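Asks: Chain by chain, the residues:
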Amino acid sequence: MSAPDVEAGAASAVSADRHRRRPVTGSLLVGGLIVAVVIGMALLSFVWTPHDPTLVDPSVRLQEPSPDYWFGTDKFGRDVFSQILMGSRTTLFVGFVAVGVAALIGVPLGIVAGMAPRWFGELLMRGNDLLLAFPALLLAIMFAAVYGAGTLVAMVAIGIASIPHFARLIRGGTLQVMRTEYVIAARAAGRGPFAIAVRHVLPNVSSLVIVQASVGFAISVLAEAALSFLGFGTPPPTPSWGRMLQESQELLSIAPRLAVFPGVAIAVAVLGFNLLGDGLRDRFDPKLEDRR
Amino acid sequence: MTPAPETGPAAAAHDDVLAVRNLDVTVGGRKLVEDVGFTIRAGERVGLIGESGSGKSLTALSVLGLLPEGLRASGSVRLAGVGHDLVGADEARMSRVRGKEIAMVFQEPMTALNPTMRVGRQIAEVLLIHRTRPDRASARAAAVELLAQVGLPDPEAAARAYPHQFSGGQRQRVVLAIALANDPALLVCDEPTTALDVTVQARVLDLIVRGVQDRRSALLFITHDLAVVATACERVMVMYGGRLVESGPVHEVFTHPRHRYTQGLIGASDLTVVDGRGRLATIRGSVPPAGRFPAGCVFRNRCDHATDVCATRPKWIPTGPDSGYACFHPVPGSGAHGTGAPTNQEAGRG
Amino acid sequence: MAEQPTSTPLAPEPRTGPADAISVRDVTRVYQRPRTSLRRPSPPVHALRGVSFGIPQGQRFGIVGESGCGKSTLLRIMAGLDRPTSGGVAIDGRDITGLRERRLKFVRERLQLVFQDPMSSLDPRMRVGDIVAEPLVAQGHGNRRERVAELLEAVGLRADAADRYPHQFSGGQRQRISIARALAPRPKIIVADEPVSALDVSVRAQVLNLIADLVDELSLTLVFVSHDLSVVRHVCDRVAVMHAGQIVETGSTEQVYEDPRHSYTRRLIAAVPTLGKALSGVSAADLNRE
Numbered sequence: 001m002s003a004p005d006v007e008a009g010a011a012s013a014v015s016a017d018r019h020r021r022r023p024v025t026g027s028l029l030v031g032g033l034i035v036a037v038v039i040g041m042a043l044l045s046f047v048w049t050p051h052d053p054t055l056v057d058p059s060v061r062l063q064e065p066s067p068d069y070w071f072g073t074d075k076f077g078r079d080v081f082s083q084i085l086m087g088s089r090t091t092l093f094v095g096f097v098a099v100g101v102a103a104l105i106g107v108p109l110g111i112v113a114g115m116a117p118r119w120f121g122e123l124l125m126r127g128n129d130l131l132l133a134f135p136a137l138l139l140a141i142m143f144a145a146v147y148g149a150g151t152l153v154a155m156v157a158i159g160i161a162s163i164p165h166f167a168r169l170i171r172g173g174t175l176q177v178m179r180t181e182y183v184i185a186a187r188a189a190g191r192g193p194f195a196i197a198v199r200h201v202l203p204n205v206s207s208l209v210i211v212q213a214s215v216g217f218a219i220s221v222l223a224e225a226a227l228s229f230l231g232f233g234t235p236p237p238t239p240s241w242g243r244m245l246q247e248s249q250e251l252l253s254i255a256p257r258l259a260v261f262p263g264v265a266i267a268v269a270v271l272g273f274n275l276l277g278d279g280l281r282d283r284f285d286p287k288l289e290d291r292r
Numbered sequence: 001m002t003p004a005p006e007t008g009p010a011a012a013a014h015d016d017v018l019a020v021r022n023l024d025v026t027v028g029g030r031k032l033v034e035d036v037g038f039t040i041r042a043g044e045r046v047g048l049i050g051e052s053g054s055g056k057s058l059t060a061l062s063v064l065g066l067l068p069e070g071l072r073a074s075g076s077v078r079l080a081g082v083g084h085d086l087v088g089a090d091e092a093r094m095s096r097v098r099g100k101e102i103a104m105v106f107q108e109p110m111t112a113l114n115p116t117m118r119v120g121r122q123i124a125e126v127l128l129i130h131r132t133r134p135d136r137a138s139a140r141a142a143a144v145e146l147l148a149q150v151g152l153p154d155p156e157a158a159a160r161a162y163p164h165q166f167s168g169g170q171r172q173r174v175v176l177a178i179a180l181a182n183d184p185a186l187l188v189c190d191e192p193t194t195a196l197d198v199t200v201q202a203r204v205l206d207l208i209v210r211g212v213q214d215r216r217s218a219l220l221f222i223t224h225d226l227a228v229v230a231t232a233c234e235r236v237m238v239m240y241g242g243r244l245v246e247s248g249p250v251h252e253v254f255t256h257p258r259h260r261y262t263q264g265l266i267g268a269s270d271l272t273v274v275d276g277r278g279r280l281a282t283i284r285g286s287v288p289p290a291g292r293f294p295a296g297c298v299f300r301n302r303c304d305h306a307t308d309v310c311a312t313r314p315k316w317i318p319t320g321p322d323s324g325y326a327c328f329h330p331v332p333g334s335g336a337h338g339t340g341a342p343t344n345q346e347a348g349r350g
Numbered sequence: 001m002a003e004q005p006t007s008t009p010l011a012p013e014p015r016t017g018p019a020d021a022i023s024v025r026d027v028t029r030v031y032q033r034p035r036t037s038l039r040r041p042s043p044p045v046h047a048l049r050g051v052s053f054g055i056p057q058g059q060r061f062g063i064v065g066e067s068g069c070g071k072s073t074l075l076r077i078m079a080g081l082d083r084p085t086s087g088g089v090a091i092d093g094r095d096i097t098g099l100r101e102r103r104l105k106f107v108r109e110r111l112q113l114v115f116q117d118p119m120s121s122l123d124p125r126m127r128v129g130d131i132v133a134e135p136l137v138a139q140g141h142g143n144r145r146e147r148v149a150e151l152l153e154a155v156g157l158r159a160d161a162a163d164r165y166p167h168q169f170s171g172g173q174r175q176r177i178s179i180a181r182a183l184a185p186r187p188k189i190i191v192a193d194e195p196v197s198a199l200d201v202s203v204r205a206q207v208l209n210l211i212a213d214l215v216d217e218l219s220l221t222l223v224f225v226s227h228d229l230s231v232v233r234h235v236c237d238r239v240a241v242m243h244a245g246q247i248v249e250t251g252s253t254e255q256v257y258e259d260p261r262h263s264y265t266r267r268l269i270a271a272v273p274t275l276g277k278a279l280s281g282v283s284a285a286d287l288n289r290e
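Protein chains in written order, with our numbering: chain A, 1 to 292; chain B, 1 to 350; chain C, 1 to 290.
Do not take every clue at face value.
[Stated by the list, open to error] Calculated Cβ distances over 12 Å to all of chain B for the following chain C residues:
#1 VAL30
#2 ARG127
#3 ASP130
#4 GLY140
#5 TYR165
#6 ARG186
[Stated by the list, open to error] Have a look at the derived ranges for each label pair, beta carbon to beta carbon:
#7 LEU271(A) x SER197(C): 35 to 41 Å
#8 LEU81(C) x ASP129(A): 29 to 35 Å
#9 GLY88(B) x GLU122(A): 50 to 56 Å
#10 LEU175(A) x GLU69(B): 27 to 33 Å
#11 GLN57(C) x GLU69(B): 40 to 46 Å
#12 LEU271(A) x ARG144(C): 46 to 52 Å
#13 GLN165(B) x GLU258(C): 36 to 42 Å
#14 GLU122(A) x GLN165(B): 25 to 31 Å
Since the hints were derived computationally from the structure, they do not count as laboratory data. Note that the structure is predicted; figures quoted are calculated from it, not measured. We put the beta carbon where it would ideally sit given N, CA and C, even for glycine.
For reference, chain A alone in the conformation it holds in the complex:
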């Protein structure tokens, strides 16, 4: 078979149709935009906030929104807008820690469970199910009781509680990848399990990881807010949307806006990460099952 002969139509024979990047869906766009705004807020808070968010100034207690205090002030005279800006840092920090812990342990666990002999994989997964049955918030409260309340402690707890979600999802993906012929080809070529895990399995489940990470992000933001609200999360004076919400409750009838601003911020951020996760799923996920 003469080489040029066969390749003649190759340039045009590029059949990228099935794999052409799917169009950016609405949820991906909106979710990405919201997440970008949250990240932008966090970055901005490092260089600029209208006021010192932790400065207690009784002379300006409970101010209504004004050109000087865009979202008004709380009962200690702290600027709400500055706190919201600063709080986005906590929110992102929380997400990264929780998702990082969950992914760093959950992904390798899932891959190992998917590649190991079946009995061992099943054993790992049953252990996983035990952890899955344990409420994340309860675990965080236990951690707080033992190690003291703090953002990091709370988030490590939330992260640990999220490990099973990653492990289970990644194991499913790994089992699918392990059944493909390219993995069998790699084995026949003499590749060891570690090389197969790193070179074939991990890249092909990476889209699952990304999707789960963005959903996990939303869950941990919500969890942090809940924990701070209950008093087990971020201790004062570090601004946190959840704690702002908690502090606002006694003034709910006098100054409902104190609950509205952090409440909306939490809702929008969670929505953003969820939309991003959905959008990424639409874009990546079908590839794993729908190769043909």
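Mind docking chains B and C on chain A? Use the hints.
Replies: Coordinates of chains B and C only, in the frame set by chain A:
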């Protein structure tokens, strides 16, 4: 210029079941099917063959009004006894036609069946929806009868079973039973036996042919397999690059192909004819992806007979009431019968 | 599908000698499916029930059978990717049965696989160059870039294909990539599992010719697994027909095709539609007769 095989009086014959005219299917700016036209008469079995990207499945889906989202059909698809054009008909009107006047069998039988419903009920439902049977009891009896017709042993038990309890071939028979339930005027089969084993394929093919013969239904059979079409159909249409390139009676097209693509396809699929070195005849290059075929004659970048004139679009040259081809350099017609095999392109590697 | 062949299987010629590229001795493989009932374990699946044959060096050996006949299991056992429940497999006279992965290095060098689905057999996240080089990397060969270019050219692709991803190629081209990968470690045995079943008709002949060219040129031993007897007849010298985990018939392809002894083989041959048969008046109903 319309490569419609039947533009004469035959086109208006009253026993035409399906008449497709100037059918285009486009996505974005790309034409995936271009100017396809043909008719199928009552009881006629017609094969539509083509490779990937030929547009054969899209043609079938257009007839059924089942094009995937984003793809748009234009032109005309008329079905006898249906007062409106099937192209552009809304879902409500199409659902009255589908399963009654026109029925379909696809490649993957599992997806065509509801996994949570007993197959007897699924068949009965088709009968009840279109009010072919007056009540549940008679629909159920008819369902069992249909399962018997498609050769399932113990049809009573089969009616009570769920789809997952059947093998692939048996499922395809159930799908066929559903398709034939309302004695459709036209049965459309898209690669119905491709996923099946050889011995099972033989059985299902037989059932399809007998099913349409018993009902005097017309059959549009879409496949990439020449031998299957030759076995099951009387007439064949060859598609390549979104166009109809040749059509005619099976025996004529497969023994004396006129279009160079048909000729090459027959040569490449014949595993019994080899050259001196034991190599098969081939068509050079590969099939371009859908919508990226060359302008003019879609086959010219793989054709050994292509000349400058092939950069313009070849006219449809009718050779009979149901036959014709679109090629500037056709295989010489009857009288100069060749073997049908193309020249061997192999020149040895390197 | 009958659980047991209708007549006793013909004894496969016991021509297994030390010189054989592959010899398979009375291999059985039983799978235990996971329980679906608490009360009793699921019945075991007998994928292979005592399969024996030998393939001399340089032979083109076909294995024909329908889905579920055990040919995929057999192929994996031959490649040292699965273990038989009993019996043994030897590659070039060396027993590979029960060897640990580390001891199978010589099998990885001697024997390579080509798969059916040219999409799922190539990692979509890897460049073609890395895919073809994978056996070289795994086996510690040097000069990879040059070798990859040489391999791509040998299968009729341009060397610059190495920088692209699998999805940028058509089915036939992907199958060429798969063949290039298999040839990379200079194996002496190629095991091809339905390598042309997923290809377009006009491309199938090209790939079959390529395989024939390479087998000739590199004097390879070829094991060609297919459901399609007519493809096997074109490619192979000898053929084994498998049914329900057993070899029901072996012989030269011509002899098995022209004069099948076993009833299953006859049914299989009768069921294959061909243009020739159809044009001489064989109808769909006739395909079922035998």
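Asks: Checking each numbered hint in turn, tell me which of them this model violates, lowest number first.
Replies: Of the numbered hints given earlier, those the structure breaks are 7, 11, listed in rising order.
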